[in-house]
Every structure is written in C-alpha cells, then in structure tokens.
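K.L.:
Using the sequences plus the hints, can you model the full thing?
In the order they appear, the protein sequences are chains H, E and Y. For what it's worth, our numbering labels the leading residue of the first sequence as 94, then goes sequentially. For what it's worth, our numbering labels the leading residue of the second sequence as 3, then goes sequentially. For what it's worth, our numbering labels the leading residue of the third sequence as 4, then goes sequentially.
Keep in mind that the hints were calculated from the coordinates and are not lab data. The reader is advised that the hints may include incorrect statements.
Far from chain E, some chain H residues (derived; all Cβ distances over 12 Å) [said to hold, decoys possible]: (1) Arg121; (2) Gly146; (3) Asp309; (4) Phe369.
Covered by chain Y, per the in silico footprint, the following chain H stretches (three or more residues, Cβ under 8 Å) [stated by the list, open to error]: (5) 331-342; (6) 345-357.
None of these values were measured; they are calculated from a predicted model. Ideal Cβ placement from N, Cα and C applies to all residues, glycine included.
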Amino acid sequence: MTAPLLQVDNLHVHFPISGGGLLGAGRRTLYAVNGISFELAKGECLSIVGESGCGKSTTALSILGLQAPSEGAIRYRGLPLSGPGAPGRMQRARAVQMVFQDPYASLNPRQSVKTSLAAPLRLHGITAKSEISDRIEVMLANVGLTPEQASRYPHEFSGGQRQRIGIARALILEPEIVVLDEPVSALDVSIRAQIINLLLDLQEKLGLSYLMISHDLSVVEHMSNRVLVMFAGQVVEEGPWQQIFTSPAHPYTRRLIAAIPDPYAAMNRGERPERFTDVALPAGRDFLFEVGTAPDVFAAPAPSELIEIAVDHRVRLALT
Amino acid sequence: MRLGFNFWLGAALTALVIFAGLLAPWIAPFDPVLDADLMNSELPPDATFWFGTDAQGRDVYSRILYGAQISLTVGIVSQVINSLIGITLGMTAGYWGGWWDDLVNGLTNVMLAIPSLIFALAVMAVLGPGLPSLLIALGLTNWSWTCRIARSSTLSLKSQGYVQAAQTLGYGDLRIMFSQILPNMMGPILVMATLGMGSAVLSEAALSFLGLGIQPPFPSWGSMLTDARQLIQLAPWVAIFPGLAIFLSVLGFNLLGDGLRDSLDPHMRTRNP
Amino acid sequence: MTAPLLDIRDLILGVALGRSVRPLLKGISFQIMPGEAYGLVGESGSGKSLTSLAVMGLLKKPLAVSGGEILFKGKNLLALPQREMRNLRGNRIAMIFQEPMTALNPLSTIGRQIAEMFVLHQGKGWDEAGKLAVEALANVRVPNPDRRARNYPHQMSGGLRQRVMIAMALACNPDLLIADEPTTALDVTVQAEVLRLIKELCSERGTAVLFISHDLGVIASTCQRVGVMYAGCLVEENETQALFADPKHEYTRGLLGALPRLGSRSLHGRQRLVDIDSIIADRSKLTETRFIAPRGTEGRQP
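P.N.:
As structure tokens, then:
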C-alpha cells in the first residue's frame, strides 16, 4: 500500500499564554488544536469547516510549516513534514503551497507580478531567463491573465485579478497540495464564481489536491469531496460531502448548516424545512457537549473518540 | 510620477548645500582659514565680503561654503550609521521576537532615557574631539527612534499575507527581511533619516559650540555660531548667516524626506490602465 | 395607502475632485413603508453604504449631496438644520454598523453607553436610565443583563457586542433602523441569531429597517422588499420573493447565478457557476435599463 499524499496524525498545537504576572505567574495554556487526524488523497478537495477560533487555521499553518506542532506528526508521502528529520523549507515549498484570503494583503505592493513569480523560481534553482519567463507566461495563462499584465504592480489590479495572481504564485513551484484559506470570502459576490470555477478547473488540469479552510458552507458543498467539521480544536464530524450535507449526525454540524441564510429558502416564505435524514447513533453513546456553549480554550478537552457511523462517516462521541 | 512643490523646494535647498560643499574650493573668494586680516574684522556685508567678516576678518561667505562640507558629511554619515543600526536591530527584533526582542527593547529604552547630547558628549570625551569621533558619536546616539519604527513596521508587516507567502515559498528569514519587509518600511525610515540629518546638523553645531566638535580655525556652521556669540550685537551678520544656513539646510532635508516618502509610495507609480 | 416613512427621491451624490464632481449615486429613488424591512444589496462600490450615510446626514467632505430629496415622515432631511438632525439621529433614526468594536467606546461600560441614549434623547436621570439600560439588554436576550451592564466592550464576544449595538439603536424606539452589514464580521451561527433578533424586535415594535448587505442570503431572509444596486444606480427593485424567483435585470440574474447554492449539488450534481461577465455583454450599459416593480402588486409586473 502506498502512503497517502498528506497524513496528519494526532496533531496538537498548544500555546503558552503569559498571564501578565511576574515570573510567569498566571501562565496558562491555550488548547488550539487537540488531536486532529486526517488524510488527504491525490486529486481530492478536503474542506475543514468551523467558526473562528475552532483551530482550522492553526491546523493549516502547521501543515505549511509556519506553526510548530506541540505533538503529533504531519507526513507528506510518508515522510515527516514536521519535527526531527523534516525536510528543509525548500522541499516543503515544493510540496505544499497556500492561497490566502485577503487578495489585498497577500501581494507585496512593491513587487511587480513578474518579480513575485520569478523570485521563488530563482530561489529554487531555476536561473535561465527564458525558462523563467516561459513558466510565468504559462502560469499567467493558466489563471486567466495576459503576459502583458506581468509587468504591472498589485494596486493596478482588481480584487479578483489579485486573487488570480495569488493562485499563480501558489502554483508556480508546481506543488501537489494547495491550502486554500477562505479563497473567495473577501471577494465580491460576482467575482466569487469566477475564482471557484478557476480553482476547480486548475484542480482537474494539474491534478492538484486542495485542503480548503472555510466557514462558507455553500462554497464548501460546491467544491469538496470530503468535509471535516471542527469545533474547539477537535474534529466533531467528518465524511464525504454528500453525507455531511444530507445526513449530518452531529448537532453542531446541523446548526452550522441551518445557519446559512439561503436566498431560495426565503422564497418559500418561511424557514427552511428540516431536510436532514436522521442518523442512528450507537446505543448508549452521546455527543460530547451541549451545542451552543462556548468551548473553554484554556482547558484540555474531555476524553472522546471518533466513531464510524457509516462508510467513511465519523462523528465525535463522549468516551463512555 | 508627480511630485509636489515642497519636494522640489527641498531638493533645491539640498542641492544648494551639496553644490556649496563640493564647489567651495573654486567658488569661495577667500580661504576660510588663512585669509584672516584683523584690519578687515567685523565688516558688514559689502561687494567684497558678501556676508561680511568675522572678528578675525575672515570672509563669512567663504566660511559658510566650506562649512557646508562639514554639515553634509555630518548629516549623511551619521544618519547612515543611525539607520543601519536602527534597521538591523529593529527589524530582527520585530521579526524574531523572544529574548532578542526584549534585549533590543531594553537597549532602545535606555538610549531614549539618556539625553542624546549627553551621550554624544560622553562618546566625544572618550574619543577626543575631531570630525571622525563626531561622526561616530552622532551615529551612535539617534538610532533608537529608527529602531522603534523598524520594529513596529516589521511587526505589522510580518502578519501580511505576502510575508507568509514568502515563508511558504521557502524564503529564508534574512531574505524575507530584505526583499519583503525592508522595501515596505523604507518610507517612514527615510523620513526619520532626513529629519535626523537636520538634527545631526544641529547637534554638530551644539557640540562644536561646546568645543568638542570641529576644532577652530576650521569652519563649521556650529563653531561659527559659537564665535559669533560675543559679537551678536556688534556684528549680527556673523551669527545670522550661519544660522540661516543651518535653518535652510535643515528645512531642505525635511522637505526632501517628505517628498521622497510620497514618491516611494507605489500607489503614486500608476501607469495608464 | 399609507404614506411612506422614508421617501428618497432622485438622490444624487458625488465626490468633489478639484473642480469636477464624480457622481457616486446617480439618482436613487425608493420608499420604505412604516414597519417594513427593505434591503439594499450590491457589491463594494455600488453606493449602498453611501445611501445610508446620506440618510443619517453623516456624509463627510468631499462627499456631498447635489440633488434630490430624502423625505422622512414628509420632512426633507437634507434641508434640516444640524441641531434638528442631531435630535433625529439615534432617536428616530438609529444605525448599527458592521464592526461593533469600533462603534463602542472602549473606556465606558456598556450599561452606561446604553443609558446615555435615554439621558440624551428622553431626558431621563442617570439612575432611571441605568435601569432602562439593563432592561434594554434583557430585550436583546443578553444573559445576566445586570452583570453584563457593568462590562466593558472588550470583555464581550463579537456577537454580544452586536447585541449591545442593537440595544443602543433600539433604546429610543426609533421609527427607522439602518443596519449596514450588521453581521458580516460575525460567525455564521452567531449571524443567524443576530438576524433573528433584529427581525423579531423590529416586527414587535413596528420599526422599519433599511438593511444593507452584499449577502443575498441575508437580505432574502430578513427583508420584504429588495433593491439591487450597481454603480450608483438602483437597477432592480421588487418584493423579495418575486426578485429571487424571477430576476428581471441581467445583473441580478448574474448575481443569483454566480452563487453556489446550498443543496443544489446533491440535487443536480456539480454545475459550473455562472460567470457574470459571460452573461453581461457590456458592464457600462448595465445601468441603462432598470426594473422597478410597483408596490402592492405582489411583485408581478404588468
């Protein structure tokens, strides 16, 4: 059996928070990510959904190597991406790249498009001028920009075009995995469709694997193969997108989906009908926490486990 | 690129100081030191001595031209040293954080707590008077504000998407600092440096006034003011012209800095869409 | 037929650039009836927030109204003296903003900030106003209102702060509440609660709402009538149901088609989203046609 493309195994990220007291008095630990495990297969789009503070961004930063895990392992094709024996930043850069949320902050205002695309190539040992400009031209065409636009600066582009440049920069080193951090939530509604279509086209054309971080469930449903729902630094439910959206088992997942204001539901002059199919839980088991209560991020979470309730569909239940 | 009137005024004043300093040996009608003639002492401005003469009968105009050399050297060299120290400490402290940040912060606060002139005096006392030690003293005193600006800019730039993107693309720390962070904070640093050039010219004047700067009989605007202090009522031109030179050059540096900041802003560099 | 509460007539607004004026609102007209929830939807730069600032009289130079009328209960707000406008603001017309943190004073307890509304607009004493403030907090379903009234803004979550903003805005029972992207900064589950709260409180009290958002879903679930703005023009207006069921303007059709729709993939499989530029031939001509459905016709156009 071959190793999965990306494997995250029991990832923990904890931050020490100084309490402001002298000599470390009042020091506490913030439990941002508590034992996340998942695999990403070649060519799939896996989405991590959850609300602010659930640990989804911290998980992404750990995979990108921008945040050291406190515990656990991240493997790329069976090789560790974190901890001792991890590859340098250069190898990691060719494996995982990221598309950022805010297209206005994610481009250096003092670098032309060409410079910000050429610099990583040069850094990774591609020095021939003709090859650099060829690859930039191909990449710009891939994201729907013209070669003439390469000499321009970020402020000369619209939000949608900037996001295209951000995608081009993420793909220029030809990574296999691309982390999409809320890739369309900062864009105008009419531009979102274009970027979503572009991302799906590129995924198919280049065989990319996406790990998408998002709170926008309609985008998640449209793009994902599998979905992880996070709450308080833990996965509370995971499964194929069909399962998550038609028969969500965890009350938090249901709440999240029901909270999306749907313009078409409003046409029926009323609330959306409860359209989830019920899921049978194993006898005697219950969910971990009351839905609607804010998690205490300064306490280690109560013991619990992910239970498979259907094929590839798992939900977190309290440990009996 | 459109630059305002202030920039051009600043550039013109700065250019005037540079030309005066560079061309002094050719355009000065008299030697600033050797052409002393007590017969001509304290003459008001006339056709021969445009700015009048001082107590030793030296031509004030010529001495101001030569003094520009000193002021320029002091202004530029001390600010280059200041900026290098401030940027290096501030950027690394902001980027790396941790104990290094604490150390640099502590050092900055100590520097800010000591009046800069007193610190410069102490350095001068150790090194002895003269131009080289003056440059070192002024270069070591005024970096704390630059350091603070560099540190706070780095802290805010560090969380920008493009800095994170550079990290994921495999850039090393130093490369990120030089290619992503430094260019984006040069605006405020440059303004600090030009303001600092002005204050360095003033500090030089003060140190020379106290006898620790440029040694007489060589002319610097500060030492000229020192010499003028007993004559201010008898021969006001001896004080007015060096004062005016200091004022105009400081003004020029400041206006130039403001203009540079505007022109370095990439939003001013728009092409036709 | 009742008279409209707010009647905006051919509002023209521009930004002065040197000697020329760049128009930002090019003749906006719409009415809000008493107790009605009216939604303005549009993308950034469409002018929807400018409209609300104009109603509040909060336009800052170089922005200036150059034509039209804003009639509130028959009185033209644009012709009102500053002092009367100040009396109206917060009292008869209230506003809630996108970012509740910046709209609250960090140095004062929220109880005091709400109480100030009663002191300012209703001439109450501080003691009584304080009690009313606790009541107002209870009305927006803040748990433990007694204790919360003594909190400072930074001690509360974003959702709670937005509730406080709503409590302040509704303190004096205004006739019109302007909500400018009130939930954009909030998480989805909190957003759902805040939207429900605004809807319930306003229909209880008969407060009319001008709801401004870029999110069609938010507008659809809160408003009875919707106006779609593009480039400073109101290009389409209709009853919510009719607008979503049968969008007339090509821009509205493009916007609706560009949205990934929850549930559609399970029903129909993944369909390519509509690229708005593929159905709009020329964006500069978008504002030439407008579809304003008359009121009281259930949204059907003749």
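K.L.:
Against chain Y, does the region 331-342 of chain H show at least 3 residues with beta-carbon separation below 8 Å?
P.N.:
holds (count 4)
K.L.:
Measuring Cβ to Cβ, find out whether Arg121 (chain H) lies farther than 12 Å from everything in chain E.
P.N.:
19 Å, holds
K.L.:
Please count how many residues of the region 345-357 of chain H have a CB within 8 Å of a CB from chain Y and say whether that reaches 3.
P.N.:
Since three or more residues must qualify, the claim that chain Y covers the region 345-357 of chain H holds, with 10 doing so at under 8 Å.
K.L.:
Take a quick look at Phe369 (chain H) and tell me if its Cβ sits farther than 12 Å from every Cβ on chain E, holds or violated.
P.N.:
37 Å, holds
K.L.:
Taking the closest pair, is the beta carbon of Gly146 (chain H) still more than 12 Å from chain E?
P.N.:
17 Å, holds
K.L.:
A cut-off of 12 Å on Cβ-Cβ distance, and Asp309 (chain H) was said to be off the interface with chain E. Does that hold?
P.N.:
Holds: least Cβ distance 19 Å, greater than 12 Å.
Of the numbered hints given earlier, the model fails none.
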